[in-house]
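A.B. asks: Sequence:
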Amino acid sequence: MANLSLRLSLIFRICAFLLLINVSFAKTLKRDMKALNEVKRLVGWRLVYSWVGDDPCGDGVLPPWSGVTCSTVGDYRVVIKLEVYSMSIVGNFPKAVTKLLDLTVLDLHNNKLTGPIPSEIGRLKRLKTLNLRWNKLQYVLPPEIGGLKSLTSLYLSFNNFKGEIPKELANLHELQYLHIQENHFTGRIPAELGTLQKLRHLDAGNNNLVGSISDLFRIEGCFPALRNLFLNNNYFTGGLPNKLANLTNLEILYLSYNKLTGAIPAALANIPRLTNLHLDHNLFNGSIPEAFYKHPNLKDMYIEGNAFKPDVKAIGAHRVLELSDTDFLV
Numbered sequence: 001m002a003n004l005s006l007r008l009s010l011i012f013r014i015c016a017f018l019l020l021i022n023v024s025f026a027k028t029l030k031r032d033m034k035a036l037n038e039v040k041r042l043v044g045w046r047l048v049y050s051w052v053g054d055d056p057c058g059d060g061v062l063p064p065w066s067g068v069t070c071s072t073v074g075d076y077r078v079v080i081k082l083e084v085y086s087m088s089i090v091g092n093f094p095k096a097v098t099k100l101l102d103l104t105v106l107d108l109h110n111n112k113l114t115g116p117i118p119s120e121i122g123r124l125k126r127l128k129t130l131n132l133r134w135n136k137l138q139y140v141l142p143p144e145i146g147g148l149k150s151l152t153s154l155y156l157s158f159n160n161f162k163g164e165i166p167k168e169l170a171n172l173h174e175l176q177y178l179h180i181q182e183n184h185f186t187g188r189i190p191a192e193l194g195t196l197q198k199l200r201h202l203d204a205g206n207n208n209l210v211g212s213i214s215d216l217f218r219i220e221g222c223f224p225a226l227r228n229l230f231l232n233n234n235y236f237t238g239g240l241p242n243k244l245a246n247l248t249n250l251e252i253l254y255l256s257y258n259k260l261t262g263a264i265p266a267a268l269a270n271i272p273r274l275t276n277l278h279l280d281h282n283l284f285n286g287s288i289p290e291a292f293y294k295h296p297n298l299k300d301m302y303i304e305g306n307a308f309k310p311d312v313k314a315i316g317a318h319r320v321l322e323l324s325d326t327d328f329l330v
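One point on numbering: in this note's numbering, the residue at position 178 of the sequence shown is 178, and numbering is uninterrupted.
What the hints contain is simulated information worked out from the structure, not anything from laboratory work. Errors might be hidden in some of the hints.
[What the hints assert, rightly or not] Calculated lysine-lysine pairs in the DSSO-like style (CA-CA distance at most 30 Å, straight line):
1. K34 x K149
2. K30 x K162
3. K112 x K162
4. K125 x K198
5. K167 x K149
6. K259 x K313
7. K30 x K167
8. K128 x K198
9. K136 x K99
10. K125 x K149
11. K27 x K128
12. K294 x K309
13. K198 x K243
14. K167 x K112
15. K112 x K95
16. K112 x K125
17. K313 x K299
18. K27 x K149
19. K99 x K34
20. K243 x K309
21. K243 x K149
22. K259 x K243
23. K81 x K99
24. K162 x K198
25. K198 x K299
26. K125 x K27
27. K40 x K167
Remember, it's a predicted structure, so these values are computed and weren't measured experimentally.
Build out the structure end to end from the sequences listed, making use of the hints.
C.D. replies: Shown next as structure tokens:
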């Protein structure tokens, strides 16, 4: 029995040694080396200073490049994460990044990137997180983003995007977080987004969006997992639909600074997890149903700047809501 244990221990050590040899001699895929060296030639001096050598995954003497994470696949190493943020990178979105076909995370937030997102972004089929917030990116979103079927988090806020929100985003069936606030999007939010079964957070605030809230709820059983819905500071009109009450996981509903009208449906008080309701600075009228004042979880209800009856009271201590997209990155 002792001999058997000794043999198994020896076999394990040999396998571990062979694995180490394989990892140490694995070469970085030429495709990835070429792509990142092309990016290196285009970006600002801060990155060039830390990206030493030609191999982004490291060559055994020089370390991997800062912000680059690699993984061994067979006999090669491939780049799986590129996280280069707050580096004052200037210029157009580096198209060469779209050649890194094994990327799962692309994080270029808080730089000074301009121009459009290239249509080639659709190549990155394994991408789970795309974070481009806090740049100066422009033009319309390419519909090819809808081909990123593994995407769970999409952060495009605080840019200069314009045009309509592409309905192809509804193809992102794994998507949980969608941040498109603080841009110049126009038109209606595609109702097709309601088919995203895993979507937990949708922030489309501070754009130039139009239409009614009812437009979002044309599809039966829409937004089943939604917890936070931010539509503030747009140009939405019409009343609030009773179908909002079907969002049983909703916690925050932020509708401030629109042109919404009519009375507040009593059905909305049946949303069991609702904690924050922001109705202020619209054209609502009438009274607030008594059920809202008895809601067990509702902590804040903002109502100022409407045409409610004089006896209507707010709920909670009215501090300014200061939520940003960083509050919902996890």
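A.B. asks: Does each hint fit the structure? Answer for all of them.
C.D. replies: Results for each hint:
1. K34 x K149: holds (26 Å)
2. K30 x K162: Roughly 36 Å separates the two Cα atoms, so the pair is violated.
3. K112 x K162: Holds: K112 and K162 sit about 18 Å apart, inside 30 Å.
4. K125 x K198: Measuring from Cα to Cα gives roughly 18 Å; hence the hint holds.
5. K167 x K149: Roughly 14 Å between the alpha carbons, so the hint for K167 and K149 holds.
6. K259 x K313: Within the cut-off at roughly 21 Å; holds.
7. K30 x K167: Since the Cα atoms of K30 and K167 sit roughly 36 Å apart, the hinted pair is violated (cutoff 30 Å).
8. K128 x K198: holds (14 Å)
9. K136 x K99: Satisfied, since the Cα-Cα distance of roughly 22 Å is no more than 30 Å.
10. K125 x K149: OK: K125 and K149 at ~6 Å, within 30 Å.
11. K27 x K128: Between K27 and K128 the Cα gap is close to 25 Å, so the pair holds against 30 Å.
12. K294 x K309: Answer holds: K294 to K309 is near 19 Å, not above 30 Å.
13. K198 x K243: OK: K198 and K243 at ~19 Å, within 30 Å.
14. K167 x K112: Roughly 27 Å separates the two Cα atoms, so the pair holds.
15. K112 x K95: holds (15 Å)
16. K112 x K125: holds (26 Å)
17. K313 x K299: Distance of about 13 Å is within 30 Å: holds.
18. K27 x K149: This hinted pair holds, its Cα atoms lying about 29 Å apart.
19. K99 x K34: holds (9 Å)
20. K243 x K309: holds (25 Å)
21. K243 x K149: Holds. K243 to K149 sits at ~28 Å (cutoff 30 Å).
22. K259 x K243: holds (19 Å)
23. K81 x K99: OK: K81 and K99 at ~13 Å, within 30 Å.
24. K162 x K198: holds (26 Å)
25. K198 x K299: holds (26 Å)
26. K125 x K27: Between K125 and K27 the Cα gap is close to 23 Å, so the pair holds against 30 Å.
27. K40 x K167: violated (34 Å)
The structure fails hints 2, 7 and 27 (numbered hints given earlier, in ascending order).
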